[in-house]
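Engineer: Next come the chains, spelled out residue by residue.
2 protein chains.
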Amino acid sequence: MYNKATSLVHHFLSELILDGDHVVDATCGNGYDTIELLKLVGAQGRVDGFDIQKQAIETTRERLSIQGKVDNVFLHHASHSTMKDILPAGSSLKSVVFNLGYLPGSDKSITTNPEDSLSAHSAALDLTMPGGVIFTTVYTGHEGGKAEADRLLEWARALDSKQYSAARHQWLNPRKDAPFLLIVQRRS
Amino acid sequence: MYNKATSLVHHFLSELILDGDHVVDATCGNGYDTIELLKLVGAQGRVDGFDIQKQAIETTRERLSIQGKVDNVFLHHASHSTMKDILPAGSSLKSVVFNLGYLPGSDKSITTNPEDSLSAHSAALDLTMPGGVIFTTVYTGHEGGKAEADRLLEWARALDSKQYSAARHQWLNPRKDAPFLLIVQRRS
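If you're matching them up, the sequences are chains V and X in order.
The first sequence begins at 220 in my numbering and counts up by one.
The second sequence begins at 220 in my numbering and counts up by one.
With the rest of the complex left out, here is chain V:
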């Protein structure tokens, strides 16, 4: 569980999220996190998924359709930086999950970018309920990845520690360019 970012995030999510929670998958990608989140919030919860790539939204929708009843998932072909405008007014999120970088198995030149990622993180923080957590897996191997990571870390370091706890989980002896995990929690 400690040896991979995806396992650790799914583990933390399974402890945090309760039946009926509202959560956001900020980067649907291939849909794995969306499906995981859907299981965790249950039939009374709600998942909103975002991706700027049409292919990601379609793949996610296909994967979801295999799950049967999915009328509590809302997929948005839009940048996660617009989540404040798109989510229902008064949304109070238990968790927002980001996977930064490019869509696995797709065009590696299409990546998240520092400006959008930063403004999406600020929006996510505003929408997060007390005790809620933003989990961000940050890949740095692609072009611009390092700059994006630096901007996010700078943002996290500047957060008021009375209101938020920010931590970075980094693997020390991994394969080259392994991602790190950024965890930001709004204090209860």
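Just so you know, these hints were derived from the structure itself, not from any lab.
Quick caveat: nothing in here was measured; it's all calculated off a predicted structure.
A couple of the hints might just be wrong.
The list cannot tell twin chains apart, which means a pair is met if one copy fits it or any two copies do.
[To be verified] Once the Cα atoms are required to be at most 30 Å apart in a straight line, the calculated DSS-like pairs of lysine-lysine come out as:
1. K381 x K365
2. K273 x K258
3. K258 x K303
4. K365 x K273
5. K365 x K223
6. K223 x K273
7. K381 x K303
8. K258 x K223
9. K365 x K303
10. K303 x K273
Take the given structure of chain V and dock chain X to it, following the hints.
Structural biologist: Coordinates of chain X only, in the frame set by chain V:
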């Protein structure tokens, strides 16, 4: 749970340790981890505790005596770097917990030192069973703390990733000199 090293370690321990496991508290300090470990291994398990300070061993023994039946706890007034000689032959540990630095509420000039800490970590790794984990809370605020941290990180980065997974959990917006957590797991 994510906002403090002690909470995160206790949370990880509660998931990892099963009834009947053998574990080591490499730095008894004020005994809190020893007691937590004792609860987790149950009556069939075993806890060995080490500390170079007599005061720490006495405080821990006192705290333990309040818990009632404690004939499966063995306290050693000795450096953790000697654990290989002191533990029963063939010991196979589920976890080893370190708190590096000085004994809280005591003489701040008596601290763990890089040489002992490093050799204790090597010993701990040799004694750890597949899937077992070393959790080390590393304080860097005291004199020599930074050097000790650097040596340990260097050691962790050099571990063979096929055999071990090493990660560092670091708080980004904490009070000055907050500790970080080092997690080393022997792969199953």
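Engineer: Each hint needs a verdict: does it hold in this structure or not?
Structural biologist: How the hints compare with the structure:
no.: 1; hint: K381 x K365; verdict: both (28 Å within a copy, 26 Å between copies)
no.: 2; hint: K273 x K258; verdict: within (23 Å within a copy, 52 Å between copies)
no.: 3; hint: K258 x K303; verdict: within (24 Å within a copy, 46 Å between copies)
no.: 4; hint: K365 x K273; verdict: within (26 Å within a copy, 48 Å between copies)
no.: 5; hint: K365 x K223; verdict: both (19 Å within a copy, 27 Å between copies)
no.: 6; hint: K223 x K273; verdict: within (28 Å within a copy, 40 Å between copies)
no.: 7; hint: K381 x K303; verdict: within (24 Å within a copy, 43 Å between copies)
no.: 8; hint: K258 x K223; verdict: both (21 Å within a copy, 29 Å between copies)
no.: 9; hint: K365 x K303; verdict: within (27 Å within a copy, 42 Å between copies)
no.: 10; hint: K303 x K273; verdict: within (20 Å within a copy, 58 Å between copies)
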